[in-house]
Amino acid sequence: DTAVSQTPKYLVTQMGNDKSIKCEQNLGHDTMYWYKQDSKKFLKIMFSYNNKELIINETVPNRFSPKSPDKAHLNLHINSLELGDSAVYFCASSHRGGLNTEAFFGQGTRLTVV
Amino acid sequence: SQQGEEDPQALSIQEGENATMNCSYKTSINNLQWYRQNSGRGLVHLILIRSNEREKHSGRLRVTLDTSKKSSSLLITASRAADTASYFCATDAGNNNDMRFGAGTRLTVKP
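Sequences listed follow chains C and P, in order.
If you use my numbering, the first sequence corresponds to residues 113 to 226, in order.
If you use my numbering, the second sequence corresponds to residues -16 to 94, in order.
Derived from the structure by calculation, the hints contain no laboratory data.
Owing to the predicted nature of the structure, the values given are computational and were not obtained by experimental measurement.
Where a beta carbon is used, it is the ideal one built from N, C-alpha and C, also for glycine.
Wrong hints could be hidden among the right ones.
Unchecked claim - Straight line, CA to CA, 20 Å or less: simulated EDC-like cross-link-like pairs of lysine to aspartate or glutamate:
(1) C:Lys156 to P:Glu(-12)
(2) P:Lys39 to C:Glu136
(3) C:Lys121 to C:Asp197
(4) P:Lys93 to P:Glu(-12)
(5) C:Lys152 to P:Glu(-12)
(6) C:Lys153 to P:Glu36
(7) C:Lys153 to P:Asp(-10)
(8) P:Lys53 to P:Glu36
(9) C:Lys152 to P:Asp(-10)
(10) P:Lys39 to P:Asp66
(11) P:Lys53 to P:Glu(-12)
(12) C:Lys183 to C:Asp130
(13) C:Lys153 to P:Glu(-12)
What the hints assert, rightly or not - To give a feel for the contact side, a few chain P residues facing chain C, derived at Cβ under 7 Å:
(14) Gly25
(15) Leu26
(16) His28
(17) Asp81
(18) Phe84
(19) Gly87
Excised from the complex, chain C in its bound form (with noise of 0.2 Å):
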């Protein structure tokens, strides 16, 4: 079974257009995050969610907003989106707190804006 989950793994759109990721976890984890990796392969944190909190919200534009119905899911909703949003979109799982704080990913999805 696969511990993280996103789709899809390629989403090529229009600018303007909205779109959402999905993310589940299997784990039970209690933590979920997204991040965004660019062209540079730099891994910039999002969002993390605790307990259907949000934790810390970088400063990534209100375009993107976490949704998350239940701890084993977030979803990235994205509106109106720019020819720079382009870059793989990771969702990570772990638990918060403790001592082991090993995260687990899914395999990314890909968006491209034209």
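Since chain C is already given, all that's left is putting chain P on it; use the hints.
Just chain P now, kept in the frame of chain C:
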């Protein structure tokens, strides 16, 4: 904001050689982790070292941590072509323990 910074940005070696990658960070940490990313894939956790540890081993991997210098190194011994990937360090900092990554070191192991 970026926390870890890896160097070199790219490293190319022959199979059988050792590969050493370094990571520097800016603030105090609770632990530091190394991850591996194969091209087009997600990150995979390799090893975690706590701030009160100085060295840790896992198979062909050896990680050191120097909190006074705010730096860590990842050594891969007897490298294989299959070790070709990007390697990232990640740190947790402050009270929230959220992970911050650097830009990674791209390792190429030539057969």
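Do the hints match the structure? See the list:
For the hint pairing Lys156 (chain C) with Glu(-12) (chain P), the CA-to-CA distance comes to about 13 Å; that is within 20 Å, so the pair holds. Pair hint Lys39 (chain P) plus Glu136 (chain C) does not hold up; C-alpha atoms about 32 Å apart against a cutoff of 20 Å. Between Lys121 (chain C) and Asp197 (chain C) the CA atoms are separated by roughly 16 Å; this keeps the pair inside 20 Å, and the hint holds. The straight-line distance between the Cα atoms of Lys93 (chain P) and Glu(-12) (chain P) is roughly 25 Å, outside the 20 Å bound, and the hint therefore fails.
Proposed proximity of Lys152 (chain C) and Glu(-12) (chain P) is supported: the alpha carbons are some 13 Å apart, at most 20 Å. Pair hint Lys153 (chain C) plus Glu36 (chain P) does not hold up; C-alpha atoms about 29 Å apart against a cutoff of 20 Å. A threshold of 20 Å between alpha carbons decides the hint, and for Lys153 (chain C) with Asp(-10) (chain P) the separation of about 14 Å falls inside it, so the pair holds. For the hint linking Lys53 (chain P) to Glu36 (chain P), the alpha-carbon distance of about 13 Å falls within 20 Å, and the restraint holds.
Straight-line distance between C-alpha atoms of Lys152 (chain C) and Asp(-10) (chain P) comes to about 14 Å, which keeps the hinted pair within the 20 Å bound. For the proposed pair Lys39 (chain P) and Asp66 (chain P), the alpha carbon gap of about 19 Å is at most 20 Å, so the pair holds. Only pairs whose Cα atoms come within 20 Å are accepted, and Lys53 (chain P) paired with Glu(-12) (chain P) is accepted, the gap being roughly 11 Å. Annotation: proposed proximity of Lys183 (chain C) to Asp130 (chain C) is violated, straight-line Cα distance about 24 Å (limit 20 Å).
At most 20 Å may separate the alpha-carbon atoms for a hinted pair to count; Lys153 (chain C) and Glu(-12) (chain P) meet this at roughly 12 Å. With a cut of 7 Å, the hint placing Gly25 (chain P) at the interface with chain C holds, because the nearest CB-to-CB distance is about 4 Å. At a threshold of 7 Å, the smallest CB-CB gap from Leu26 (chain P) to chain C is about 4 Å, leaving the interface hint in force. For His28 (chain P), the interface hint holds, since its Cβ comes within 7 Å of a Cβ in chain C; the closest pair sits about 5 Å apart.
With a cut of 7 Å, the hint placing Asp81 (chain P) at the interface with chain C holds, because the nearest CB-to-CB distance is about 5 Å. Below 7 Å, beta-carbon pairs count as interface contacts, and Phe84 (chain P) has one with chain C at about 4 Å; its hint therefore holds. Residue-level restraint check for Gly87 (chain P) holds (minimum Cβ-Cβ distance to chain C is 5 Å; threshold 7 Å).
Checked against the numbered hints above, the structure breaks hints 2, 4, 6 and 12 and satisfies the rest.
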